[in-house]
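**Student:** Each chain is listed here by its residues.
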Amino acid sequence: MHKNKAKPSTIFNIIPIMAFALLLSSGVNAQSVNKEIRHYAQSEEALKAGQKLYETVCAACHANDLSGGAGFNLKDEEWIHGSAPSQILHNVSTGFMNAGMPGFGAMFPEKKLKQVVAYVLSKRQGLDNLTYKIYPIETNKGIHEYQFSENSPISKSGKLPNNLIDFSLPEVQNYVIEFEGDLYTPNDEQTNLHAMTYRNHRTELFIDGEKIETSEDKWERRVWPLKKGKQHFKMRYYRINLKNNLNSRVRIFVANDDLTQKIYGISVSGKQFLNNATVPIKAEDQTKIQRKKVLGLPTSSISVGFVEKINAAFNSKTCTVVGAWSGDFMNIGPNIEGRARDGSIILGDWMFNFPQQIAPLKRSDCKFEEYKLHQKTVEFIYRINNSRIKLKMSASSPNTLKLDFTLLSGSLNDAQLKTWQLPKSDALVITSNNGTITNHQLTLPKNTQSWQLNLQKKVK
Amino acid sequence: MKYKLGKLATLLSVYCACTALPASAAKTTYIPDGYHIKTIQTPKDVRFHVTGMDSNVKGELFIATRFGDVWRYKNDEWLKIAEGLHEPTGLMCDSDGSLVVAQKPELTRLIDDNQDGVIDRFVGMANDWTFHDNYHEFNFGPVKDKQGNYYGTLNLGHGVPDALKLGAMDSAGGYRGWAYQVNNKGEFIPYATGLRSPAGIGISPKNEVFFTDNQGDWVETSKLHLLKKDAFYGHPVGLRDHPDWTTKRILKEQKNFELFEKMREYPVVWIPHAEVANSPGNPEWNITKGKFGPFENQIFIGDQTQSNIFRVILDEVNGVYQGAVINFINGFQSGNIRTEFDVNGGLWVGQTARGWYSVGGKPFGLQKVEWDGTHPFEIADVSMVSSGFKITFTEALTMQSAKNLEIKVKEWGYQYSNRYGSPKQDEKSLAVDNVVVAKDRKSLIFKSKLTERKVVMITLNGLKDGKGRSPSVPVIYYTVNQVK
Chain A
1 MHKNKAKPST
11 IFNIIPIMAF
21 ALLLSSGVNA
31 QSVNKEIRHY
41 AQSEEALKAG
51 QKLYETVCAA
61 CHANDLSGGA
71 GFNLKDEEWI
81 HGSAPSQILH
91 NVSTGFMNAG
101 MPGFGAMFPE
111 KKLKQVVAYV
121 LSKRQGLDNL
131 TYKIYPIETN
141 KGIHEYQFSE
151 NSPISKSGKL
161 PNNLIDFSLP
171 EVQNYVIEFE
181 GDLYTPNDEQ
191 TNLHAMTYRN
201 HRTELFIDGE
211 KIETSEDKWE
221 RRVWPLKKGK
231 QHFKMRYYRI
241 NLKNNLNSRV
251 RIFVANDDLT
261 QKIYGISVSG
271 KQFLNNATVP
281 IKAEDQTKIQ
291 RKKVLGLPTS
301 SISVGFVEKI
311 NAAFNSKTCT
321 VVGAWSGDFM
331 NIGPNIEGRA
341 RDGSIILGDW
351 MFNFPQQIAP
361 LKRSDCKFEE
371 YKLHQKTVEF
381 IYRINNSRIK
391 LKMSASSPNT
401 LKLDFTLLSG
411 SLNDAQLKTW
421 QLPKSDALVI
431 TSNNGTITNH
441 QLTLPKNTQS
451 WQLNLQKKVK
Chain B
461 MKYKLGKLAT
471 LLSVYCACTA
481 LPASAAKTTY
491 IPDGYHIKTI
501 QTPKDVRFHV
511 TGMDSNVKGE
521 LFIATRFGDV
531 WRYKNDEWLK
541 IAEGLHEPTG
551 LMCDSDGSLV
561 VAQKPELTRL
571 IDDNQDGVID
581 RFVGMANDWT
591 FHDNYHEFNF
601 GPVKDKQGNY
611 YGTLNLGHGV
621 PDALKLGAMD
631 SAGGYRGWAY
641 QVNNKGEFIP
651 YATGLRSPAG
661 IGISPKNEVF
671 FTDNQGDWVE
681 TSKLHLLKKD
691 AFYGHPVGLR
701 DHPDWTTKRI
711 LKEQKNFELF
721 EKMREYPVVW
731 IPHAEVANSP
741 GNPEWNITKG
751 KFGPFENQIF
761 IGDQTQSNIF
771 RVILDEVNGV
781 YQGAVINFIN
791 GFQSGNIRTE
801 FDVNGGLWVG
811 QTARGWYSVG
821 GKPFGLQKVE
831 WDGTHPFEIA
841 DVSMVSSGFK
851 ITFTEALTMQ
861 SAKNLEIKVK
871 EWGYQYSNRY
881 GSPKQDEKSL
891 AVDNVVVAKD
901 RKSLIFKSKL
911 TERKVVMITL
921 NGLKDGKGRS
931 PSVPVIYYTV
941 NQVK
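Line by line, the protein sequences give chains A and B. Using our numbering, the letters of the first sequence map in sequence onto residues 1 to 460. Using our numbering, the letters of the second sequence map in sequence onto residues 461 to 944.
Check each hint, because a few of them may be wrong.
What the hints assert, rightly or not - Keeping only pairs whose Cα atoms sit at most 27 Å apart, straight-line, the calculated BS3-like set for lysine-lysine is: (1) K822/B / K243/A; (2) K234/A / K218/A; (3) K372/A / K604/B; (4) K604/B / K317/A; (5) K540/B / K376/A; (6) K317/A / K625/B; (7) K534/B / K218/A; (8) K924/B / K863/B; (9) K243/A / K487/B; (10) K372/A / K534/B; (11) K227/A / K243/A; (12) K418/A / K362/A; (13) K540/B / K828/B; (14) K884/B / K243/A; (15) K645/B / K390/A; (16) K392/A / K540/B; (17) K504/B / K282/A; (18) K604/B / K367/A; (19) K540/B / K282/A; (20) K715/B / K218/A.
If you are wondering where the hints come from, they were derived from the structure by calculation, not from laboratory data.
Could you build all of it, start to finish, from the sequences and the hints given here?
**Tutor:** Structure follows, in structure tokens:
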């Protein structure tokens with residue numbers, strides 16, 4: 001879980017690793033380790049400790065959100081080297097030197113590593129222990145009339161080691177296929193199962209043994225609510241007397257509460273779709289601009305990413321600053337894959353976002369004129385009433401954004417620009433060189449021609 | 461922590477599942493003699509869905525991709541000149557050297573201030589419509605007329621919350637389903653409404669703006685229209701932004717197809733569904749002065765679904781446009797959405813198939829149709845004469861073929877309603893009378909009983925030229941708006 005190559009091992013740290021690995025190899029001990037780590041996974045304090053160590057040591061290779069980078073994704077369904085807590089702990093302790101991951105057993109106490117494993121497991125997503133059963137069906141009945149019995153003969157069944165729902169398994173025309181396993185969903189948000197299919201398909205979902213009704217059933221949008229955390233999952237899919245095989249590309253996802261974000265795919269084509277929909281845009285060597293749809297920003301926003309790893313968004317309809325975030329720029333994948341239904345996702349943390357904004361208190365119609373891109377800055381020019389304004393955005397550090405406003409023509413009074421509304425946010429402090437800020441409002445002195453706002457991210 | 465080989469195996473299996481799905485490469489089953497399709501290599505590892513394309517007088521090609529980039533192709537080299545736009549679906553080289561790009565939220569002028577080839581300044585020309593961040597709310601265009609006015613078309617939405625919907629497509633207001641003009645003073649003018657998925661706009665050498673619309677709800681089959689100020693083109697949800705209408709009134713009249721029928725403009729040509737096209741792109745005039753062969757002044761349009769190109773021959777009868785649709789070439793690699801003639805007479809074909817199926821199978825690309833100078837044997841021209849048609853050929857028929865040729869004529873109409881497309885209505889064969897082949901055997905005239913507001917399908921069997929060739933496409937679809 002470390003990006004840099006490990007220092008050469010010495011005799012002093014090889015011995016404890018070996019001893020630890022030996023201990024884990026005993027079945028009895030593995031069970032007690034599993035129990036202990038699962039216990040940590042229930043403890044907020046242990047999870048916090050695990051998160052802290054993860055972010056310090058592991059995130060460099062595996063990403064802050066565990067989605068992977070130089071190292072593998074640590075939250076998806078794929079745990080080929082073993083998904084049991086004791087197996088993961090063993091791998092963390094001994095490492096994979098050939099793959100560039102050192103063993104951490106010598107570097108950190110066992111308790112800390114167990115907490116890291118507990119934290120990683122608490123972020124687990126997707127299916128586990130997935131199996132399938134195929135029931136060949138002979139009937140003249142229509143797909144929606146057919147009564148299925150679990151006593152029907154099974155032609156094929158088995159495990160799905162990649163833990164993805166796979167519709168290419170059946171080799172018969174008419175069948176019911178059942179997928180069963182454990183489904184992990186986020187503990188901290190309400191999610192839905194979203195199948196991009198429609199009514200002609202017959203799909204049934206059982207969670208913890210109970211049949212779940214759809215909360216929405218439209219074209220490409222068949223939705224069932226899910227529970228939080230680990231749950232028993234069974235999905236039954238019917239293909240009976242259909243002319244065409246409609247199912248082979250059914251994309252199934254776990255999506256967020258309002259279905260604006262597909263969090264991860266749980267079918268082969270769903271996972272493939274999200275792989276294709278992962279297109280991170282980073283401001284590596286120059287300022288980047290994106291006009292894409294972005295989750296958390298209003299329509300018609302122009303997003304700017306600075307090489308300092310701080311970002312902001314200007315809205316071309318309202319001529320206001322509608323968001324700022326720290327970290328990398330954005331993943332535009334969801335907005336350029338398939339029909340591009342979904343919004344891009346920022347890769348960092350919001351400092352503020354719409355409806356919080358930097359805007360004149362008295363709103364008037366604005367006319368966006370242009371933006372100009374420089375290596376380190378972006379200039380927006382717009383009109384409010386009879387005043388023409390230039391806003392230059394720049395960054396001076398990963399924590400500081402500078403907004404330089406210049407009145408190109410007109411006056412502050414004409415444009416009612418004397419008082420500005422500023423965002424209310426615990427994540428940043430705003431200062432101004434020549435205005436007064438009180439109660440999240442900026443007041444500019446008479447005859448101001450230019451003014452500056454500094455947005456400073458609060459460092460935790 | 462994980463076993464690398466396992467991960468690779470999974471990726472491979474996912475990859476194989478995906479790549480096995482698209483249809484295998486489409487075959488070319490019709491292409492005129494002397495023409496070929498050339499595939500242009502697009503920049504490596506770039507999602508190059510070509511949805512905006514134009515060339516300038518210097519022969520440089522500019523392309524806007526759905527990814528949001530703008531590229532220049534010059535001397536067989538690609539240069540990315542802009543990025544970060546929002547799914548542009550139109551690009552035009554303006555006379556001052558700037559580019560005008562239609563992206564979803566804005567019509568934008570791209571300016572290279574320091575003349576290094578890369579765009580520095582992005583100037584908003586218009587954003588006066590409402591974009592609801594919906595995937596289907598495309599902004600197509602622009603074209604510019606001789607007076608310096610720009611034109612674009614705004615797609616309806618699909619699945620926009622709280623929108624007005626009377627079929628499949630919807631409008632939550634803000635000029636969705638409208639054509640617009642940005643006049644030479646820079647003002648945004650809502651120009652006409654009733655559009656559905658108007659994916660292609662073009663301007664004729666006579667300074668008239670035309671646009672295509674895709675088959676679907678309230679659109680019986682795809683069509684080509686002449687753009688007229690204040691006209692209504694058939695899809696009622698755009699009327700919600702019309703000063704004489706309200707949403708309430710539209711809902712009240714939603715089944716009153718007769719009312720909307722009376723209000724609407726009839727297309728210049730109907731484009732028969734599947735036989736010719738499902739999702740046509742922009743109309744592009746061949747004014748290459750013979751550099752593209754014998755089809756001068758004809759309109760070339762690509763189809764995103766069928767991966768083909770068809771031509772349209774305009775005919776004016778009683779002051780009304782109508783004309784013929786003839787398939788030209790099929791078997792392109794992906795969905796043809798943009799066509800562009802360059803100064804050398806090459807026909808560039810921009811392609812995308814993301815989110816919408818195309819026969820070609822490939823997700824995106826760029827191809828070019830070139831003519832090698834060989835004179836083809838094809839239908840050259842079609843026009844209405846008194847109670848019949850005159851059909852001209854690029855080469856003379858043989859005596860034998862002129863004697864033995866067989867002309868079959870069918871006609872049909874379409875039913876206008878809120879349904880998704882219309883089957884052919886009242887399809888029947890028409891008698892063919894008084895066939896007269898001209899002395900030079902390069903044209904013929906025949907009579908038939910023609911009716912207004914029908915598509916007439918003419919099939920010519922047995923045509924041969926002196927080299928023993930038959931036309932690659934012997935079928936004409938003529939839209940009869942007026943009868944002579």
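**Student:** Evaluate each hint against the coordinates.
**Tutor:** Evaluated hints:
In summary, the hint linking K822/B to K243/A is supported, as the alpha carbons are separated by about 25 Å, within the 27 Å threshold. Distance hint between K234/A and K218/A is fulfilled; the C-alpha atoms sit about 22 Å from each other, no more than 27 Å. Only pairs whose Cα atoms come within 27 Å are accepted, and K372/A paired with K604/B is accepted, the gap being roughly 25 Å. Restraint check: the Cα-Cα separation between K604/B and K317/A comes to about 25 Å, which is no more than 27 Å; the hinted pair holds.
For the suggested pair K540/B and K376/A, the alpha carbons sit about 19 Å apart, so the restraint of at most 27 Å is met. For the suggested pair K317/A and K625/B, the alpha carbons sit about 25 Å apart, so the restraint of at most 27 Å is met. With a C-alpha separation of about 47 Å, the suggested pairing of K534/B with K218/A is violated against the 27 Å cut-off. A hinted pair counts as satisfied when its Cα atoms are at most 27 Å apart, and K924/B with K863/B qualifies at roughly 11 Å.
Distance restraint check for K243/A and K487/B: the Cα-Cα separation of roughly 25 Å lies within the 27 Å cut-off, and the hinted pair is therefore satisfied. Note on K372/A and K534/B: the hinted pairing holds, with a Cα-Cα distance of about 25 Å set against a maximum of 27 Å. About 35 Å separates the Cα atoms of K227/A and K243/A, which puts this hinted pair outside 27 Å; it is violated. A C-alpha spacing of about 9 Å is found between K418/A and K362/A, which places the hinted pair at or below 27 Å, so the restraint holds.
Taking the CA atoms of K540/B and K828/B, the gap is near 20 Å; set against the 27 Å cutoff, the hint holds. A C-alpha spacing of about 24 Å is found between K884/B and K243/A, which places the hinted pair at or below 27 Å, so the restraint holds. With a C-alpha separation of about 23 Å, the suggested pair K645/B and K390/A falls inside the 27 Å cut-off, and the hint holds. Note on K392/A and K540/B: the hinted pairing holds, with a Cα-Cα distance of about 25 Å set against a maximum of 27 Å.
Distance check on the hinted pair: K504/B and K282/A sit about 19 Å apart at the alpha-carbon level, within 27 Å; holds. With a CA separation close to 23 Å, the supplied pair K604/B and K367/A stays within the 27 Å bound. Restraint check: the Cα-Cα separation between K540/B and K282/A comes to about 17 Å, which is no more than 27 Å; the hinted pair holds. A C-alpha spacing of about 23 Å is found between K715/B and K218/A, which places the hinted pair at or below 27 Å, so the restraint holds.
When each numbered hint is compared with the structure, violations occur for hints 7 and 11.
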